[in-house]
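> As a plain string of letters, each chain reads:
Number of protein chains: 2
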Amino acid sequence: MDVDRLDMMTTPAALVDLDRVDANLRRVAAYTRQHGLRWRPHTKTHKTPELARLQLAAGAQGVTVATVREAEVMATVCDDVLLAYPPVGEDRLTRLMALPPQVRLTVALDSGEALGMLDRAARMAGRTVGVLVELDLGMRRVGVQSPEDAIALAGNVAFGSGLEYRGITFYAGHLRLPQEKLGSAMREQSERLATFIEALTDSGLRPGTVSGGSTPTLWRSHDVTGLTEIRPGINIFNDRNAVSVGACAWDECAYSVLATVVSTTVPGQAVIDAGSKALAKEEGFTDTGVYGALLGKPEVLVRGLSEEHGLLDLSNTSWRPYVGERVRVVPNHACASVNLHDTLHLLRQGAWAGQYAITARGW
Amino acid sequence: MDVDRLDMMTTPAALVDLDRVDANLRRVAAYTRQHGLRWRPHTKTHKTPELARLQLAAGAQGVTVATVREAEVMATVCDDVLLAYPPVGEDRLTRLMALPPQVRLTVALDSGEALGMLDRAARMAGRTVGVLVELDLGMRRVGVQSPEDAIALAGNVAFGSGLEYRGITFYAGHLRLPQEKLGSAMREQSERLATFIEALTDSGLRPGTVSGGSTPTLWRSHDVTGLTEIRPGINIFNDRNAVSVGACAWDECAYSVLATVVSTTVPGQAVIDAGSKALAKEEGFTDTGVYGALLGKPEVLVRGLSEEHGLLDLSNTSWRPYVGERVRVVPNHACASVNLHDTLHLLRQGAWAGQYAITARGW
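Protein chains in written order, with my numbering: chain A, 1 to 363; chain B, 1 to 363.
Each hint should be verified, as a subset may be incorrect.
Computed beta-carbon distance windows for the label pairs [claimed, not checked]: (1) Arg-27/A to Gln-349/B: 56 to 62 angstroms; (2) Asp-22/A to Glu-164/B: 39 to 45 angstroms; (3) Pro-298/B to Asp-342/A: 53 to 59 angstroms; (4) Met-124/B to His-174/A: 53 to 59 angstroms; (5) Thr-343/B to Gly-289/A: 44 to 50 angstroms; (6) Glu-299/B to Gly-116/A: 28 to 34 angstroms; (7) Thr-76/A to Glu-299/B: 41 to 47 angstroms; (8) His-35/A to Gly-246/B: 55 to 61 angstroms; (9) Arg-140/B to Gln-145/A: 43 to 49 angstroms; (10) Thr-128/B to His-174/A: 44 to 50 angstroms; (11) Asp-342/A to Gln-349/B: 49 to 55 angstroms; (12) Arg-26/B to Gln-102/A: 55 to 61 angstroms.
Which stretches of chain A does chain B cover? Using the computed rule of at least three CB atoms under 8 angstroms from a CB of chain B, they are [as the list claims (entries may be wrong)]: (13) 132 to 141; (14) 257 to 265; (15) 317 to 327.
These are calculated hints, taken from the structure and not from any lab test.
All C-beta atoms, glycine included, are put in the ideal place defined by N, C-alpha and C.
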């Protein structure tokens with residue numbers, strides 16, 4: 001291990017505390033075991049096959065991906081891949097069908113068009129592809145709107161000769177509430193989900209898999225009746241947004257961006273070299289105009305971002321950094337920040353302990 | 001040229017209309033000639049040496065960069081490089097000093113600490129580095145706050161044996177006004193700048209270079225008395241923000257992101273596969289919650305962004321896209337979007353005509 005390396009490396013740089021990663025994975029593994037849920041982490045957060053391998057070793061039963069590129073990379077370490085994204089377009093389908101034959105592939109979709117294209121591609125490739133019908137349970141992004149639409153689509157899947165109907169999926173990305181307020185929202189979601197499950201079951205289309213789950217709702221997943229599988233992504237790293245809704249504590253944040261203070265001329269402020277190009281310009285769940293906080297000094301907020309500048313607000317601290325001082329920032333949204341870097345630098349007991357290339361970026 | 005390639009390529013993809021680029025460069029070249037201004041475009045917008053070469057061929061006298069990586073890449077096509085960023089940190093300085101010896105290097109800085117480090121590095125490398133003292137004219141990001149601070153810093157530069165005092169620089173990124181309201185803001189800025197120029201001149205530190213300029217203020221640069229050089233970046237491509245303040249017209253937008261419609265289940269909305277990972281989540285200058293508009297259909301706005309989803313608001317159009325349809329989005333902020341892609345696909349007369357690798361990303 002190389003303590004000084006953190007002082008010498010080019011900033012901004014993405015850091016991952018592997019001790020915290022281990023603890024985060026143990027915690028979610030224990031939770032899913034306790035509640036009889038399957039765990040299929042979303043790998044878009046880290047985009048790194050070595051970290052998917054850690055999740056599988058900790059008890060994950062498969063992985064979730066958002067892009068074909070992520071599927072291609074994660075297929076090198078896992079034989080059970082869910083593409084939680086409509087597989088629309090020739091290029092997507094061609095590359096999906098070219099995944100290694102031993103990969104059990106499941107795809108989420110919400111339209112007859114996507115279904116038709118996938119069925120044709122699967123038949124031409126001589127491949128069986130599982131399908132989950134995507135439901136909209138209130139996020140209003142993708143997903144069928146009614147139990148009737150779900151039945152129609154699931155029925156068509158069951159008739160598609162290259163396809164296998166495996167169940168339903170949803171994403172409650174709109175539930176960004178403090179843990180104490182989450183209970184009633186989760187029960188409401190559970191009731192809405194039940195209408196879909198009942199209608200499908202009554203039509204002979206009982207969903208074998210009911211897949212949901214996000215990091216903010218992670219620890220209340222057992223409130224959703226009928227859920228069989230969860231797909232938290234951010235949980236491996238956590239971030240300021242996860243802290244803000246109580247889904248983790250500050251000392252469970254495993255991801256940070258190492259930065260250097262480059263200017264202190266404006267009173268009450270220090271400028272670091274981690275801007276939107278390193279942290280990602282993502283609003284907070286519970287505030288606006290704040291993009292991150294210092295690791296170990298959460299009262300120091302990143303209040304403004306240009307591409308190469310992060311503005312630290314010093315109004316709540318007596319700390320006055322010097323030009324050249326190094327700091328670590330926990331961004332609001334870890335996934336979006338990771339996507340901006342080529343490399344994850346790994347820490348063990350606080351010291352540099354290696355690096356992983358972030359190989360599943362792009363599309 | 002290959003018309004069909006646009007229909008087949010993986011989406012999202014970054015497109016550059018080279019005919020529009022040519023016209024944009026001709027327009028700014030004519031403006032700077034007319035007003036006797038030097039033109040040093042900021043290459044952070046495109047991060048692509050081939051496009052810097054086009055700018056130089058059109059009449060640019062040098063380039064501006066924000067990172068050492070950009071300096072390294074642009075030094076392969078240009079011998080006059082301004083690093084408009086404080087060169088703080090060992091790694092930055094070591095790599096800067098390793099730029100090819102024929103590169104005339106100038107650096108902007110605002111602190112004695114940055115100055116001391118740079119002087120030491122320059123002397124050790126046996127290199128002369130030019131310095132521009134960075135002023136804060138109201139943006140409150142970086143820059144010395146008063147004429148007295150500017151004199152103190154410029155005086156120290158003049159005494160640094162590895163350095164050469166070349167003048168002053170500022171960035172008015174806070175002036176994001178419609179062209180018709182820009183006049184008085186520019187005059188105010190001009191007056192504030194004059195106090196710095198006068199004080200420096202009275203102290204025997206007359207700035208040879210006075211460098212400013214952004215795309216929103218580009219066409220009023222001649223209102224700023226004493227300005228010798230402008231550094232617009234976005235102007236080569238333009239974007240929705242540049243349109244929103246009247247710095248360009250829609251048909252001067254040369255950059256767009258090709259995307260595929262992947263879902264239309266939510267009424268009044270269509271989902272495309274260009275999300276924050278392709279467009280960048282940057283608020284508009286003149287509105288919030290909007291992240292881009294369709295090329296050729298500016299009434300269709302991108303109203304929500306997840307990492308892989310862009311939500312098109314169909315409330316102002318009778319157009320109803322089908323799943324699989326391809327569209328082109330002009331993002332709010334071109335630079336931030338370009339930084340998310342590996343490749344710029346080039347168009348001539350609307351058809352695919354080649355591609356450039358975006359090689360100056362990262363740090």
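> If a hint holds in the structure, say so; if it does not, say that too.
The hints, checked one at a time:
no. : hint                                       : in the structure
1   : Arg-27/A to Gln-349/B: 56 to 62 angstroms  : holds (57 angstroms)
2   : Asp-22/A to Glu-164/B: 39 to 45 angstroms  : violated (53 angstroms)
3   : Pro-298/B to Asp-342/A: 53 to 59 angstroms : violated (35 angstroms)
4   : Met-124/B to His-174/A: 53 to 59 angstroms : holds (56 angstroms)
5   : Thr-343/B to Gly-289/A: 44 to 50 angstroms : violated (33 angstroms)
6   : Glu-299/B to Gly-116/A: 28 to 34 angstroms : holds (31 angstroms)
7   : Thr-76/A to Glu-299/B: 41 to 47 angstroms  : holds (44 angstroms)
8   : His-35/A to Gly-246/B: 55 to 61 angstroms  : holds (57 angstroms)
9   : Arg-140/B to Gln-145/A: 43 to 49 angstroms : holds (47 angstroms)
10  : Thr-128/B to His-174/A: 44 to 50 angstroms : violated (58 angstroms)
11  : Asp-342/A to Gln-349/B: 49 to 55 angstroms : violated (35 angstroms)
12  : Arg-26/B to Gln-102/A: 55 to 61 angstroms  : holds (57 angstroms)
13  : 132 to 141                                 : holds (count 3)
14  : 257 to 265                                 : holds (count 6)
15  : 317 to 327                                 : holds (count 3)
When held up to the earlier numbered hints, the structure conflicts with 2, 3, 5, 10, 11 and fits the remainder.
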